[in-house]
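Peer 1: Full structure from sequences and hints, please.
From first to last, the protein sequence lines are chains A and B.
Take the first sequence: its letter number 248 is residue 250 in my numbering, and every next letter is one higher.
Take the second sequence: its letter number 502 is residue 504 in my numbering, and every next letter is one higher.
It is worth saying that the hints were derived from the structure and are not from the lab.
You may find that some hints are simply not true.
To be verified - Quick list of in silico lysine to aspartate or glutamate cross-link-like pairs, EDC-like style, CA-CA up to 16 angstroms: (1) B:185 <-> B:173; (2) B:505 <-> B:528; (3) A:80 <-> A:55; (4) A:194 <-> A:53; (5) B:215 <-> B:414; (6) B:458 <-> A:53; (7) A:343 <-> B:282; (8) B:491 <-> B:413; (9) A:80 <-> B:430; (10) A:343 <-> B:166; (11) B:556 <-> B:528; (12) B:183 <-> B:173; (13) B:491 <-> B:411; (14) B:215 <-> B:168; (15) A:80 <-> B:457; (16) B:458 <-> B:427; (17) A:343 <-> B:414; (18) B:274 <-> A:326; (19) B:458 <-> B:430; (20) B:274 <-> A:320; (21) B:212 <-> B:168; (22) B:422 <-> B:442; (23) B:434 <-> B:469; (24) B:202 <-> B:166; (25) A:343 <-> B:427; (26) B:434 <-> B:457; (27) B:505 <-> B:538.
Unchecked claim - Some residues of chain A that are not near chain B, with every Cβ distance over 10 angstroms (derived): (28) 14; (29) 19; (30) 36; (31) 62; (32) 102; (33) 176; (34) 177; (35) 225; (36) 241; (37) 250; (38) 267; (39) 277; (40) 312.
On a predicted model such as this, the values are computed, not experimentally measured, just so you know.
Even glycine gets a Cβ: it sits at the ideal position worked out from N, Cα and C.
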Amino acid sequence: MSYLKPNFRHPQLPKNGLDLTRSSYEGLISTLCAGCGHDSISAAVIQACWELDLEPHRIAKVSGIGCSSKSPTYFLNKSHGFNSVHGRMPSVATGANVANHELTYIGVSGDGDSASIGMGQFAHVVRRNLNMLYLVENNGCYGLTKGQDSATADEGSKSRTGNENPFENIDLVGVALEIGATFVARSFSGDKEQLVPLMKAAISHRGFALIDVISPCVTFNNHHGSTKSYDYTREHVQTGSIIDFVPPREEITAQYDAGESMQLDLHDGSSLSLQKAQPNHDPTSRRSATEALLDSRENNQILTGLIYIDAQEPDFHEVMQLNDAPLNSLQQDQLCPGNEKLRSINNVFR
Amino acid sequence: MTPSTSQAKKKVAPIVAVNDFVVKFANVNGSGSASANALFAKSIFRMGVPTTPRNIFPSNIQGLPTWYEVRISEQGYTARRAGGVDIMVSVNPQSMADDVREVRPGGYFVYDNTRPLDIRLLRRDVNYLAIPLTEITNNNYSDARLRQLFKNVIYVGAMAAMLDIDMDILEQLIAEQFAGKKKLIEPNCNALRLGYDAAKNLHSCPIGLKVEKRDLIGNRILMSGNTACGLGAVYAGATVAAWYPITPSTSVAEAYEKYASSLRIDADTGRKNYVVIQAEDELAAMGMVIGASWNGARAFTATSGPGVSLMTEFLGLAYFAEVPAVLVNVQRAGPSTGMPTRTQQSDILSTVYASHGDTRHVVLIPSTPKECFDLTASAFDIAERLQTPVIVLTDLDIGMNDGLSEPLEWDDDRVYDRGKVLAADELDALDKFGRYLDVDGDAITARTLPGTHPEKGAFFTRGTSRDEYATYTEKGDAYERNMQRLLRKWHGASAYLPEPVVKGSGSAIGLIHFGTSAAAVYEAMDTLTENGMQTDSLQLLSVPFHDEVAEFIKQHETVFVVEQNRDAQMRTVLVNELEIDPAKLQSVLNYDGSPLAADTVCSQVQQALGNRQMVAGD
Ligand SMILES: Cc1ncc(C[n+]2csc(CCOP(=O)(O)OP(=O)(O)O)c2C)c(N)n1
Ligand code: SF4
Ligand SMILES: [Mg+2]
Numbered sequence: 003m004s005y006l007k008p009n010f011r012h013p014q015l016p017k018n019g020l021d022l023t024r025s026s027y028e029g030l031i032s033t034l035c036a037g038c039g040h041d042s043i044s045a046a047v048i049q050a051c052w053e054l055d056l057e058p059h060r061i062a063k064v065s066g067i068g069c070s071s072k073s074p075t076y077f078l079n080k081s082h083g084f085n086s087v088h089g090r091m092p093s094v095a096t097g098a099n100v101a102n103h104e105l106t107y108i109g110v111s112g113d114g115d116s117a118s119i120g121m122g123q124f125a126h127v128v129r130r131n132l133n134m135l136y137l138v139e140n141n142g143c144y145g146l147t148k149g150q151d152s153a154t155a156d157e158g159s160k161s162r163t164g165n166e167n168p169f170e171n172i173d174l175v176g177v178a179l180e181i182g183a184t185f186v187a188r189s190f191s192g193d194k195e196q197l198v199p200l201m202k203a204a205i206s207h208r209g210f211a212l213i214d215v216i217s218p219c220v221t222f223n224n225h226h227g228s229t230k231s232y233d234y235t236r237e238h239v240q241t242g243s244i245i246d247f248v249p250p251r252e253e254i255t256a257q258y259d260a261g262e263s264m265q266l267d268l269h270d271g272s273s274l275s276l277q278k279a280q281p282n283h284d285p286t287s288r289r290s291a292t293e294a295l296l297d298s299r300e301n302n303q304i305l306t307g308l309i310y311i312d313a314q315e316p317d318f319h320e321v322m323q324l325n326d327a328p329l330n331s332l333q334q335d336q337l338c339p340g341n342e343k344l345r346s347i348n349n350v351f352r
Numbered sequence: 003m004t005p006s007t008s009q010a011k012k013k014v015a016p017i018v019a020v021n022d023f024v025v026k027f028a029n030v031n032g033s034g035s036a037s038a039n040a041l042f043a044k045s046i047f048r049m050g051v052p053t054t055p056r057n058i059f060p061s062n063i064q065g066l067p068t069w070y071e072v073r074i075s076e077q078g079y080t081a082r083r084a085g086g087v088d089i090m091v092s093v094n095p096q097s098m099a100d101d102v103r104e105v106r107p108g109g110y111f112v113y114d115n116t117r118p119l120d121i122r123l124l125r126r127d128v129n130y131l132a133i134p135l136t137e138i139t140n141n142n143y144s145d146a147r148l149r150q151l152f153k154n155v156i157y158v159g160a161m162a163a164m165l166d167i168d169m170d171i172l173e174q175l176i177a178e179q180f181a182g183k184k185k186l187i188e189p190n191c192n193a194l195r196l197g198y199d200a201a202k203n204l205h206s207c208p209i210g211l212k213v214e215k216r217d218l219i220g221n222r223i224l225m226s227g228n229t230a231c232g233l234g235a236v237y238a239g240a241t242v243a244a245w246y247p248i249t250p251s252t253s254v255a256e257a258y259e260k261y262a263s264s265l266r267i268d269a270d271t272g273r274k275n276y277v278v279i280q281a282e283d284e285l286a287a288m289g290m291v292i293g294a295s296w297n298g299a300r301a302f303t304a305t306s307g308p309g310v311s312l313m314t315e316f317l318g319l320a321y322f323a324e325v326p327a328v329l330v331n332v333q334r335a336g337p338s339t340g341m342p343t344r345t346q347q348s349d350i351l352s353t354v355y356a357s358h359g360d361t362r363h364v365v366l367i368p369s370t371p372k373e374c375f376d377l378t379a380s381a382f383d384i385a386e387r388l389q390t391p392v393i394v395l396t397d398l399d400i401g402m403n404d405g406l407s408e409p410l411e412w413d414d415d416r417v418y419d420r421g422k423v424l425a426a427d428e429l430d431a432l433d434k435f436g437r438y439l440d441v442d443g444d445a446i447t448a449r450t451l452p453g454t455h456p457e458k459g460a461f462f463t464r465g466t467s468r469d470e471y472a473t474y475t476e477k478g479d480a481y482e483r484n485m486q487r488l489l490r491k492w493h494g495a496s497a498y499l500p501e502p503v504v505k506g507s508g509s510a511i512g513l514i515h516f517g518t519s520a521a522a523v524y525e526a527m528d529t530l531t532e533n534g535m536q537t538d539s540l541q542l543l544s545v546p547f548h549d550e551v552a553e554f555i556k557q558h559e560t561v562f563v564v565e566q567n568r569d570a571q572m573r574t575v576l577v578n579e580l581e582i583d584p585a586k587l588q589s590v591l592n593y594d595g596s597p598l599a600a601d602t603v604c605s606q607v608q609q610a611l612g613n614r615q616m617v618a619g620d
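Peer 2: Put into structure tokens, the structure is as follows:
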């Protein structure tokens, strides 16, 4: 059992724009293994939501099944959560989102949850461009069922017992890019500096935002020979870009070398200022993003950072032409056509 | 074996009947016959005579034989009538041999004599009525598509002459059908007239079968159950429909979308106050329903047996986590793809006990389009009241065929029952919110919706065991307490469910039935009475059962459970839920994929009673 940082409550604790301290964004004590990458991701969610001044109760947490999918218990205690069934969180998120598009949706899934049993639903929620943050806490194995290889395990990666994974891996970043995701990022649970701004950008993005977070499983997949261990990940991370999230109404102050930086405006008025690590990787071009991903793979590196973004594509709510008033707020008088109308419908059937 | 040698050889007097016969059209799938056939049925309905049409179709898009059977019954019987048809309209050479065989002795066979009839198809006890359908069509139309379309209208015209159907009504119906494309009215009426004149010229019309105007329809309508279910969902305020196409349920979602798209557009913004999502599969469809319901929208899905199988994991979650969900299961013949375009009531067990673990689901079973509308609408109230999945169980027969029904009605004073959902001020008034705490003693606990209150009421919905405050626990006693409460909720559910309909009293024999068996059972009861056998009946409209059901079983010496499956599935549920001695319940079963006929009920009841009397006499 590990503990997220115990919060010493002090009057001088920093407060956000809603006058809330970080503790308002915390959850229950984690029951995951000490050192599990998932806990660091939970801490980053807390930080990102706090920094974004989100009202905790206006966030909804959804997850599938797995150690990763349990983690919504460990953050945002004032938000409703739905720990659904294995691999099916996307559908629950879709239903919840169409019922009330005004909440912020944070989905937490695992590599087993998304790349194996839930591959179908993952693909379809990407296609629908559902407005949500979709976190894959990727440890290359099934933590909760004791460490079997998952579909994101790299070919040749060794299990604890020394067996090499013989199968090609599924890279959800590549899949998402291919099928039209509008925000694709990768990060590492051990890199909070990168992860928190990415999460803030992802939450502010109107549409589907995938962050594939390498999140080592210390118990089953952190040994030598595993390509999802802390050591391996640190050694092979290649930072694609460094982003700075700029909330609405704030000025961009960061200065980067011209040609190496760009500014991206999001729908809610916020913007991203982006410092490129690879000058020829343009994250607004799907082709360029795909090439950057392929290059990094060829070089045996793990490309992280904001890989692709399209802030213009309409989200599911827009595509479906739903009304602004959330569906769950409509009252009977707005919903029920009444008996007179039914009488005229009857007439068509006579 | 040819019909001429195998079937009756002697001549039989032609059948003479007014407003009481069965017409069957033998068509080719995909040839556009559906609208012409519907026109035929509707014209008789408009003449005030009870009419029940049924499509009998293969799992095929184009080319295979398909039939349209219309029962015309002045007595108002709407079940399929067994024992052959009175008049067969043969428009499909492929199925001609079978079609001839299906005609009752003394019946009629209308055929296209553009080409000579195979003499092997001749029966001495059938009256052959030739119409040169192809010749008329080819002489009047040059375009191939027009030929095919108008051929259908021409045979309807011929039937109008033969059966004395009011041509004014037919022309009126055509005018209504093409109200939006006025220039099609004239050509269709011409085609109708071509067939009418040909029949008049060639045969003495009307033939022995005849439709006479009556006033027996009243204000009833002719509507499919799927349309009624879709409308029920609109009226109940469903805003989210998530579905995956499957026969015979597809038209439920389509009907919902059709009506929602005209009745649910926001007047100010022109945007939708509903959403229809074609999901990637049934798992996703059910997940979407659960997600939306969890978030306070009324949501539903429609599917058939294979889809229900895929939804079962989610149904278990919704049952245990107590999330409302509405599912319309339009049954077809299984298992697997079985006979996907044939009817059955064979998902009783897989629906009532869907999912792993100890689960039981509330099921509503309509028998008419009006009941489809009413029960679908009620399903949303019940699901939210009980916070559990509610399954509306229909079948292909009622779902996809137009059925005679009382008109749909909505009581404008009716108020949706949104169940126990705490608002922010109610949460403020609470000391501590317990999501699974039985405050009212009715086993139904209050829920909260995401986003309601900044400080109070948030909880974690999950399929994992938890205590009264939604805190995860695997303590055996907490788990048991919760499961016991769910069971109490199930036992209390019937208070919110439609009561069974009992007909008759005091007989020794009782017939329990449900769904589309009702029409056949009521007709069978009349026949049995004529034969000196008095019976009472009880129509189940819901599971779990009301006390009246056990009472009915107790009061009758012999009880038959009538159902359309092989394994007597409802009988199993009755035995299980009411702890009935299995010996008390006999079965009337029909599972060949065709709708239940009164004959089947009569003969199985008589046979069972005859056998027993013989045993008793030993
Ligand atoms: C239908 C179903 N099949 C199997 C399981 C068992 N199961 C629970 S978690 C899990 C794998 C989780 O792996 P992942 O999503 O990568 O999460 P992690 O534990 O690694 O964070 C499996 C197979 C289940 N809960 N449900
Ligand atoms: S088993 Fe692995 S994934 Fe699960 S909590 Fe432990 S370290 Fe994390
Ligand atoms: Mg994993």
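Peer 1: All hints are to be evaluated individually against the structure, with a verdict given for each.
Peer 2: Structure-based check of each hint:
{"no.": "1", "hint": "B:185 <-> B:173", "result": "holds (14 angstroms)"}
{"no.": "2", "hint": "B:505 <-> B:528", "result": "holds (12 angstroms)"}
{"no.": "3", "hint": "A:80 <-> A:55", "result": "holds (14 angstroms)"}
{"no.": "4", "hint": "A:194 <-> A:53", "result": "holds (13 angstroms)"}
{"no.": "5", "hint": "B:215 <-> B:414", "result": "violated (35 angstroms)"}
{"no.": "6", "hint": "B:458 <-> A:53", "result": "violated (22 angstroms)"}
{"no.": "7", "hint": "A:343 <-> B:282", "result": "violated (34 angstroms)"}
{"no.": "8", "hint": "B:491 <-> B:413", "result": "violated (28 angstroms)"}
{"no.": "9", "hint": "A:80 <-> B:430", "result": "holds (15 angstroms)"}
{"no.": "10", "hint": "A:343 <-> B:166", "result": "violated (35 angstroms)"}
{"no.": "11", "hint": "B:556 <-> B:528", "result": "violated (23 angstroms)"}
{"no.": "12", "hint": "B:183 <-> B:173", "result": "holds (15 angstroms)"}
{"no.": "13", "hint": "B:491 <-> B:411", "result": "violated (30 angstroms)"}
{"no.": "14", "hint": "B:215 <-> B:168", "result": "holds (9 angstroms)"}
{"no.": "15", "hint": "A:80 <-> B:457", "result": "holds (6 angstroms)"}
{"no.": "16", "hint": "B:458 <-> B:427", "result": "holds (10 angstroms)"}
{"no.": "17", "hint": "A:343 <-> B:414", "result": "holds (11 angstroms)"}
{"no.": "18", "hint": "B:274 <-> A:326", "result": "holds (9 angstroms)"}
{"no.": "19", "hint": "B:458 <-> B:430", "result": "holds (8 angstroms)"}
{"no.": "20", "hint": "B:274 <-> A:320", "result": "holds (10 angstroms)"}
{"no.": "21", "hint": "B:212 <-> B:168", "result": "holds (11 angstroms)"}
{"no.": "22", "hint": "B:422 <-> B:442", "result": "holds (11 angstroms)"}
{"no.": "23", "hint": "B:434 <-> B:469", "result": "holds (14 angstroms)"}
{"no.": "24", "hint": "B:202 <-> B:166", "result": "holds (10 angstroms)"}
{"no.": "25", "hint": "A:343 <-> B:427", "result": "violated (36 angstroms)"}
{"no.": "26", "hint": "B:434 <-> B:457", "result": "holds (11 angstroms)"}
{"no.": "27", "hint": "B:505 <-> B:538", "result": "holds (6 angstroms)"}
{"no.": "28", "hint": "14", "result": "holds (23 angstroms)"}
{"no.": "29", "hint": "19", "result": "holds (15 angstroms)"}
{"no.": "30", "hint": "36", "result": "holds (19 angstroms)"}
{"no.": "31", "hint": "62", "result": "violated (5 angstroms)"}
{"no.": "32", "hint": "102", "result": "violated (5 angstroms)"}
{"no.": "33", "hint": "176", "result": "holds (20 angstroms)"}
{"no.": "34", "hint": "177", "result": "holds (15 angstroms)"}
{"no.": "35", "hint": "225", "result": "holds (30 angstroms)"}
{"no.": "36", "hint": "241", "result": "holds (35 angstroms)"}
{"no.": "37", "hint": "250", "result": "holds (21 angstroms)"}
{"no.": "38", "hint": "267", "result": "holds (25 angstroms)"}
{"no.": "39", "hint": "277", "result": "holds (36 angstroms)"}
{"no.": "40", "hint": "312", "result": "holds (22 angstroms)"}
Going through the hint list in order, the structure does not satisfy hints 5, 6, 7, 8, 10, 11, 13, 25, 31, 32.
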